[in-house]
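Participant: Start from the sequences and build out the full structure, keeping to the hints where you can.
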Amino acid sequence: MALQDYVFHRPVPVGVSNRHVHLCDADISRLFGPRHLLSKRRDIVQKGQFSCQEVVTVATSAGVLRDVRVMGPSRARTQVELAPSDARELGLRAPLRPSGDTNDSAGCVLIGPKGSIDLAAGVLIPERHLHMSPRDTAFFGVAQGDRLRVAVPGRRGGLLADVLVRVHERFVLELHLDTDEAGALLARNGDLTYVVDDERLGVDLNLRLARPPGGRRLMTESELRRVVRTEGRVRIPHGVLLTPSARDLARRLKLD
1 MALQDYVFHR
11 PVPVGVSNRH
21 VHLCDADISR
31 LFGPRHLLSK
41 RRDIVQKGQF
51 SCQEVVTVAT
61 SAGVLRDVRV
71 MGPSRARTQV
81 ELAPSDAREL
91 GLRAPLRPSG
101 DTNDSAGCVL
111 IGPKGSIDLA
121 AGVLIPERHL
131 HMSPRDTAFF
141 GVAQGDRLRV
151 AVPGRRGGLL
161 ADVLVRVHER
171 FVLELHLDTD
181 EAGALLARNG
191 DLTYVVDDER
201 LGVDLNLRLA
211 RPPGGRRLMT
221 ESELRRVVRT
231 EGRVRIPHGV
241 LLTPSARDLA
251 RRLKLD
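In terms of our numbering, the sequence shown opens at residue 1 and continues consecutively.
Bear in mind the hints are in silico, worked out from the structure with no lab data behind them. Keep in mind that the hints are not guaranteed to be accurate.
[As the list claims (entries may be wrong)] DEER-style ranges, computed between Cβ atoms:
1) Lys114 to Leu241: 49 to 57 Å
2) Pro113 to Phe139: 40 to 48 Å
3) Arg229 to Pro73: 33 to 41 Å
Even for Gly, the Cβ is constructed at its ideal location relative to N, Cα and C.
Facilitator: Structural data, given as structure tokens:
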């Protein structure tokens with residue numbers, strides 16, 4: 001099969017996300033002085049978001065990252081987003097999480113020109129994800145929290161599994177990769193990728209990778225959602241195992 005045979009023909013641009021920091025208002029004041037306002041450096045693709053002139057130092061007992069860019073506007077909670085190689089340089093075991101999920105994450109010290117912060121938690125490696133508007137989700141037949149596969153063309157390209165869908169009315173369609181992922185794929189900002197259409201492919205590649213005991217078929221939450229959207233109320237066939245999240249969805253939908 002050629003690539004065009006099993007993907008949606010609407011391309012998704014890449015956005016490479018370098019290490020960066022989101023700050024709450026209180027921490028902006030601690031690092032840059034009372035009542036300091038972030039200075040816009042340039043707008044990014046996502047509407048209302050921008051990179052700032054301000055930078056901070058991220059430090060641990062094992063390493064230091066200097067000139068880490070602050071992103072605006074301010075957030076409700078301070079968060080540091082790193083690539084895996086950045087986390088290793090700091091000696092951190094930062095968890096792989098959706099952006100914003102900072103509970104029980106790693107800590108660090110943030111240093112600015114006017115002060116420093118001992119951040120007990122907030123350092124994470126963001127999961128690769130797709131920004132979509134509600135209109136985009138209607139086109140691709142997906143919903144907030146779904147997991148997709150995305151094909152990245154090129155000599156070092158590949159098939160990315162477990163790509164998280166994030167939905168907001170202001171989001172612009174874009175695939176966010178960290179610098180390590182983009183480097184491995186030789187992907188750059190603006191490169192075009194393609195969402196895999198599982199129905200046209202006819203095979204769920206996750207099933208090849210996750211064989212349950214006895215070789216029985218495993219159904220994921222995203223696959224169950226697609227079946228329900230296509231066929232309405234369904235019965236779970238005998239011998240099919242559900243992942244924990246798919247089992248929770250089946251209970252909520254009262255499926256047999």
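Participant: Run every hint past the structure and note whether it holds.
Facilitator: To see whether the hints hold, each was checked on the structure:
1. Taking the beta carbon of each, lysine 114 and leucine 241 are about 55 Å apart, inside 49 to 57 Å as hinted.
2. A C-beta distance of roughly 46 Å is found between proline 113 and phenylalanine 139, which places it inside the suggested range of 40 to 48 Å.
3. Distance hint check for arginine 229 and proline 73: the Cβ-Cβ separation is about 35 Å, which falls inside the suggested range of 33 to 41 Å.
Hint violations for this structure: none, all hints satisfied.
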